[in-house]
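Colleague: Protein chains in written order, with numbering that gives the first Met the number 0: chain E, 0 to 555; chain C, 0 to 555.
I should point out that these hints are in silico values taken from the structure, not numbers from a laboratory.
It should be emphasised that the depicted structure is a prediction, and the values quoted were computed from it without experimental measurement.
Any given hint could be a false lead.
As the list claims (entries may be wrong) - Simulated pairs of lysine-lysine, DSSO-like, Cα-Cα distance not exceeding 30 Å: (1) E:Lys126 - C:Lys17; (2) E:Lys314 - E:Lys297; (3) E:Lys553 - C:Lys17; (4) E:Lys297 - E:Lys210; (5) E:Lys126 - C:Lys407; (6) E:Lys407 - E:Lys297; (7) C:Lys210 - C:Lys126; (8) C:Lys553 - E:Lys109; (9) E:Lys17 - E:Lys126; (10) C:Lys109 - E:Lys109; (11) E:Lys553 - C:Lys490; (12) C:Lys314 - C:Lys345; (13) E:Lys297 - E:Lys17; (14) C:Lys17 - C:Lys210; (15) C:Lys314 - C:Lys210; (16) C:Lys297 - E:Lys553; (17) C:Lys126 - E:Lys314; (18) E:Lys345 - E:Lys314; (19) C:Lys109 - C:Lys126; (20) C:Lys314 - E:Lys109; (21) E:Lys210 - E:Lys126; (22) C:Lys490 - C:Lys553; (23) E:Lys17 - E:Lys314; (24) E:Lys553 - E:Lys490; (25) E:Lys461 - E:Lys490; (26) E:Lys126 - C:Lys297; (27) E:Lys490 - C:Lys109; (28) C:Lys297 - C:Lys553; (29) C:Lys109 - C:Lys210; (30) E:Lys461 - C:Lys490; (31) C:Lys461 - E:Lys490; (32) C:Lys407 - C:Lys297; (33) E:Lys210 - E:Lys345; (34) C:Lys461 - C:Lys407; (35) C:Lys17 - C:Lys407; (36) E:Lys17 - C:Lys553; (37) C:Lys109 - E:Lys297; (38) C:Lys126 - E:Lys109; (39) C:Lys297 - C:Lys314.
2 protein chains.
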Amino acid sequence: MSAQADVSVAEYLLIRLKQMGIDHLFGVPGDFVLGFLNEVLDSQVRYIGTCNELNAAYAADGYARVRGAGAFVTTYAVGELSAINGLAGAFAERVPVVAITGAPSMGYFKTRPLLHHTLGDYQIPLKMYSLITAASALLESGESAPAAIDHVLTTCLRQQQPVYLCLPADVVRMRCSVPGPFPLPPEPTSDAGTLRESIEEASEMLNSAAKPVVIGDVELIRYGLQDEFAAFLARTGLPYATMMLGKTVLDETHPQFIGLYQGDRSRDYVHQRIENADCVLQLGVAPTDFNTGSFSVKIHEDRTISANFRSVRIKRHIYPDVTLREFIQGLSQQLRSRDPSTLDIKRAIEGCTHRRTINFEPQPESPLTISRFFDRIGHFLPPRAIVIAETGAALFSAAETLMPEGAKFIGQTFYGSIGYTVGATLGASLAAPDRRVVLFVGDGSFQVTCQDLSTMIRYGQKPVIFLLNNDGYTIERVIVDRPYNDIQPWKYHRLVEVFGGGLAFDVHTEGQLEAALAQAAGAEELVFIEIHTGRFDCSESLRRAGEAMARTNKLG
Amino acid sequence: MSAQADVSVAEYLLIRLKQMGIDHLFGVPGDFVLGFLNEVLDSQVRYIGTCNELNAAYAADGYARVRGAGAFVTTYAVGELSAINGLAGAFAERVPVVAITGAPSMGYFKTRPLLHHTLGDYQIPLKMYSLITAASALLESGESAPAAIDHVLTTCLRQQQPVYLCLPADVVRMRCSVPGPFPLPPEPTSDAGTLRESIEEASEMLNSAAKPVVIGDVELIRYGLQDEFAAFLARTGLPYATMMLGKTVLDETHPQFIGLYQGDRSRDYVHQRIENADCVLQLGVAPTDFNTGSFSVKIHEDRTISANFRSVRIKRHIYPDVTLREFIQGLSQQLRSRDPSTLDIKRAIEGCTHRRTINFEPQPESPLTISRFFDRIGHFLPPRAIVIAETGAALFSAAETLMPEGAKFIGQTFYGSIGYTVGATLGASLAAPDRRVVLFVGDGSFQVTCQDLSTMIRYGQKPVIFLLNNDGYTIERVIVDRPYNDIQPWKYHRLVEVFGGGLAFDVHTEGQLEAALAQAAGAEELVFIEIHTGRFDCSESLRRAGEAMARTNKLG
Chain E
0 MSAQADVSVA EYLLIRLKQM GIDHLFGVPG DFVLGFLNEV LDSQVRYIGT
50 CNELNAAYAA DGYARVRGAG AFVTTYAVGE LSAINGLAGA FAERVPVVAI
100 TGAPSMGYFK TRPLLHHTLG DYQIPLKMYS LITAASALLE SGESAPAAID
150 HVLTTCLRQQ QPVYLCLPAD VVRMRCSVPG PFPLPPEPTS DAGTLRESIE
200 EASEMLNSAA KPVVIGDVEL IRYGLQDEFA AFLARTGLPY ATMMLGKTVL
250 DETHPQFIGL YQGDRSRDYV HQRIENADCV LQLGVAPTDF NTGSFSVKIH
300 EDRTISANFR SVRIKRHIYP DVTLREFIQG LSQQLRSRDP STLDIKRAIE
350 GCTHRRTINF EPQPESPLTI SRFFDRIGHF LPPRAIVIAE TGAALFSAAE
400 TLMPEGAKFI GQTFYGSIGY TVGATLGASL AAPDRRVVLF VGDGSFQVTC
450 QDLSTMIRYG QKPVIFLLNN DGYTIERVIV DRPYNDIQPW KYHRLVEVFG
500 GGLAFDVHTE GQLEAALAQA AGAEELVFIE IHTGRFDCSE SLRRAGEAMA
550 RTNKLG
Chain C
0 MSAQADVSVA EYLLIRLKQM GIDHLFGVPG DFVLGFLNEV LDSQVRYIGT
50 CNELNAAYAA DGYARVRGAG AFVTTYAVGE LSAINGLAGA FAERVPVVAI
100 TGAPSMGYFK TRPLLHHTLG DYQIPLKMYS LITAASALLE SGESAPAAID
150 HVLTTCLRQQ QPVYLCLPAD VVRMRCSVPG PFPLPPEPTS DAGTLRESIE
200 EASEMLNSAA KPVVIGDVEL IRYGLQDEFA AFLARTGLPY ATMMLGKTVL
250 DETHPQFIGL YQGDRSRDYV HQRIENADCV LQLGVAPTDF NTGSFSVKIH
300 EDRTISANFR SVRIKRHIYP DVTLREFIQG LSQQLRSRDP STLDIKRAIE
350 GCTHRRTINF EPQPESPLTI SRFFDRIGHF LPPRAIVIAE TGAALFSAAE
400 TLMPEGAKFI GQTFYGSIGY TVGATLGASL AAPDRRVVLF VGDGSFQVTC
450 QDLSTMIRYG QKPVIFLLNN DGYTIERVIV DRPYNDIQPW KYHRLVEVFG
500 GGLAFDVHTE GQLEAALAQA AGAEELVFIE IHTGRFDCSE SLRRAGEAMA
550 RTNKLG
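Next comes chain E alone, as it looks inside the complex:
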């Protein structure tokens, strides 16, 4: 150990987390992690206790999507294995989450006594986590910990992927070197010649196209390229669509934004405008099933330029070692500036499915429908809202709802683990205390992870939660409707009182919704609004997703 050593391994790690912008650490205690938690309590990072570990992981994911990084801490095995699906979601969706486990002391890893929580081979949790992280480490000593921590945490940010650290109880307070500035390695750069050649070819295609269009998707968000994308649009005048994963990459009131593209489930105009374009520039697109209308995208390869994080594909050939950032910046310079009026741009704000530019007249006695509900919501969402939508009827309709200025839309639209949004709402609320967080979650999903509604109340968070009670798993009813899609009916809105307080409403009609929204708008506490709709009431896009899933799974 060096003479200058004067922080503990725990302090080193906590300083690094703070440098990553992580001010809150979600978790559940357990004896192997108490030593680390003692250090957390004495640090600049605030500990947020959740009811269970899966929700801690989901909260860290929601936090990371707002802040740029998040973290959670659990105890060995029983805790971390309860959370592992949360981190798997972050891995699938490229969210930089740091999973920290407090483990038995190092010596036990070799002697393997039958301590509670253990599984024979003490490295089983590490082996599991290594499958769903970009980097992972067992911190073995004060001497080796700083390099291991730095490797893991820089990988997290550079690759925008989750990582894992296992911290044995006796290593927590070992002394180690003081951390310097966060050692983030420089962003990868392009091969200069390949970059130039790809931009030349792409700009020729785009400049000669009469009706080009852009699709801006998820990687622009994950790699923080919104500014570059906005500058590109301003300079070129081109219209753009987003896919579900890329929703709210920029303000949806943007004059060049034409709406949500989801293959053959898109609105007619968007569908035609993109699939009939003579050149389509895809920036950061992830061609997942939900993103592509179950792979119904029909864009001819001859007309396609597709740039991703580290490569560009034009027609059928690939330019490796071209970064998305440099490609967008370079292409901006090479493209001619167009007059948007020549480009067949119908703004989303004038055409998308649920939008606040359409007058909404409540019919007080009418039972609520999903469609009318989201029509109304378009008027309710405030600027800069963080809108979180759970996989299912909520996600598919919320995705088709125009988001207000500055809004951020969050859904686990690829991994699709139901229950995700309860934890994510806790995380997003703590990440952005100055923004209104609005959650849309179905009853079946809510049952999976409901308990951490209480954690929002405990920590004074004030999201507005719409519980869409459609009496079961509607997303599966549209695939096959059999009794396994039924769930136990709860009096959801009454949970608020059981958990400690907040405003709760039980809404069956449009009139009741108006009354609830009126109170919600000015509320200084958590608002929970239970919305009753029909069992099969959902968007056409979800219905068609259900048909596609029935085909994929050889059902029916």
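Start from chain E and add chain C according to the hints.
Modeller: Chain C in isolation, oriented as in the chain E frame:
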């Protein structure tokens, strides 16, 4: 495929499950598993929908501890990875649980499209599960499935360990051969010479000992050796103790049962009787930390015979290839029959901590304490009860409570994943509809997995649930008491109404407890009794476990 083929792979699997004694399958649906669930609905196995997957796994574990085997089913990745900690617990504790996953169709495993729920490498969940199961398989075709299923399921029963089956959507309805009788391989047998030699040495030691004693523990339960053990005791007259994991191996009213041995946390008589014995026969002991009073057992090796599933250790030498069953049976024949009155036997029923032979006079106005509560509970538990105790204050006091005739005690006493018992209670209730299931669970643990209280209500189960509300994680307060041990206070008893009905009580005093128990005794519905006790109110054994955990983790 052979000409005789005339069941589907799903039917084959379901017939095998039924042959294992599995009548109920716990699970949560998802599109990749709907095809299999359709077959379940048409089978002799009843589908039980839980609120989340972790509870499905815990339910299958509780079911298996009562029935001899259990199973749960989830969808790919998002479902199974939420459940994996439940199966890890079954692995640590040797509980034969079958985990079944519905996965994307086989072809996708090679082409790896970006389907929802996927993680790049489609085999990641399989790789994780293979680390915590005795056998696992991806079912690839109708031709190969029967052998794979049979290998996995026979391993489950023969090794008393959890197993995993991944069933792709397109394989579900592939045709395969009709299953014959369950192909359980014969139990392993001993090497005859080694068995004889071990029994000779052991019988000499025991026959010449003046004050021998037996410890019967968990493996006697897991491998179904209770009858052999009872016969051994009847023939030899020896006294026996159990450890926490082995609690209720036989009736605790047994005339030779002296009580719970947990190293230096044992009652004085048990402690002295065992540690001063001139020969200790350990049958099926798992020397885990909670089982051994944090490794405080002091039994001299020179006086110890320790038989486990596949080997016997005497003093410091090991006899391999000796089975526990044959050793017990053979030893029975070689030991002399003793007069119990010469053996210093003080029956547990006369001496253990909480027992129904002590008169209990309620003091109606007195606030409840843990000690008084369990004194009272000794009188409440009916014969043949299944008593489930959650890790924490509940477990440590329940373990010191005398169980009535025919009772079965369940705790996750080695793995110790809090929240386990909620699912386990659901599983045990369905496994034994003719027995009263009684749960003791702490508030912190209950928050982890509370939602499946609603599933018990949904399926008409009638357990009596004691929610021990001590305002936080008491098991951790006795290690270090800092704010991470605080939790949000809930009105727990009101959840019953939110979830759909049952009897609920909020109990602060002994008088209120009497009133609640009077109603609970005859109730034909779920009973939920919230018990308020002090934050630090727990047994001396838990307090000492806390001190040991503080030392193990270098705290304090």
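Colleague: Checked against the structure, which of the hints given earlier come out wrong?
Modeller: 1, 5, 7, 10, 11, 13, 14, 16, 17, 21, 22, 23, 24, 26, 27 and 29
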